[in-house]
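All chains should be built: construct the whole structure from the sequences, respecting the hints.
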Amino acid sequence: MWRWGRHWKHRENYNDTGSDDMLYLSEAGEGKVYVMLGVGGGQRLRQKLYSMGLNPGVKFRVITNNGRGPVGVEVRDTRLAIGRGMAQRVKIRENGS
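Going from the sequence shown to my numbering is simple: count from 1 and add 366.
Think of the hints as simulated: they come from the structure by calculation, not from any bench.
The structure displayed is predicted, hence computed values, not measured ones.
Check the hints yourself; a few may be wrong.
Stated by the list, open to error - DSS-like cross-link-like pairs, simulated, lysine-lysine; straight-line CA separation at most 30 Å:
| id | residue 1 | residue 2 |
| --- | --- | --- |
| 1 | K457 | K398 |
| 2 | K425 | K457 |
| 3 | K425 | K398 |
| 4 | K414 | K425 |
Claimed, not checked - Label-pair ranges, simulated between beta-carbon atoms:
| id | residue 1 | residue 2 | range |
| --- | --- | --- | --- |
| 5 | E393 | V424 | 24 to 32 Å |
| 6 | G462 | Q409 | 18 to 26 Å |
| 7 | G462 | G408 | 28 to 36 Å |
| 8 | D386 | T444 | 16 to 24 Å |
| 9 | L411 | R434 | 15 to 23 Å |
| 10 | D386 | Q454 | 17 to 25 Å |
| 11 | R459 | Y416 | 27 to 35 Å |
| 12 | G395 | G449 | 17 to 25 Å |
| 13 | G449 | N421 | 14 to 22 Å |
Ideal Cβ placement from N, Cα and C applies to all residues, glycine included.
Structure below.
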């Protein structure tokens, strides 16, 4: 019998940074610059974020994050609103960490 629990680290989108400074976009502070590490979701979510310019390694600034509703980010001179559910799956770290 196949079990998800034993094989989840082998999925394409798994990115274990092994560092304590990793957090999710939904936890980011306003006005700070972050680096995207990866996405903890399915292929459709990854494709959607990548098509908007949020790729692993890209630097972006959080414009708004009040703990409710979408998270506003500025990436490559473009402002985006990322829904809270999507933001809870985007792995980031603070730039310079």
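Now for the hints, and whether the structure bears them out:
| no. | hint | verdict |
| --- | --- | --- |
| 1 | K457 to K398 | 15 Å, holds |
| 2 | K425 to K457 | 12 Å, holds |
| 3 | K425 to K398 | 10 Å, holds |
| 4 | K414 to K425 | 17 Å, holds |
| 5 | E393 to V424: 24 to 32 Å | 18 Å, violated |
| 6 | G462 to Q409: 18 to 26 Å | 31 Å, violated |
| 7 | G462 to G408: 28 to 36 Å | 31 Å, holds |
| 8 | D386 to T444: 16 to 24 Å | 30 Å, violated |
| 9 | L411 to R434: 15 to 23 Å | 21 Å, holds |
| 10 | D386 to Q454: 17 to 25 Å | 19 Å, holds |
| 11 | R459 to Y416: 27 to 35 Å | 18 Å, violated |
| 12 | G395 to G449: 17 to 25 Å | 19 Å, holds |
| 13 | G449 to N421: 14 to 22 Å | 18 Å, holds |
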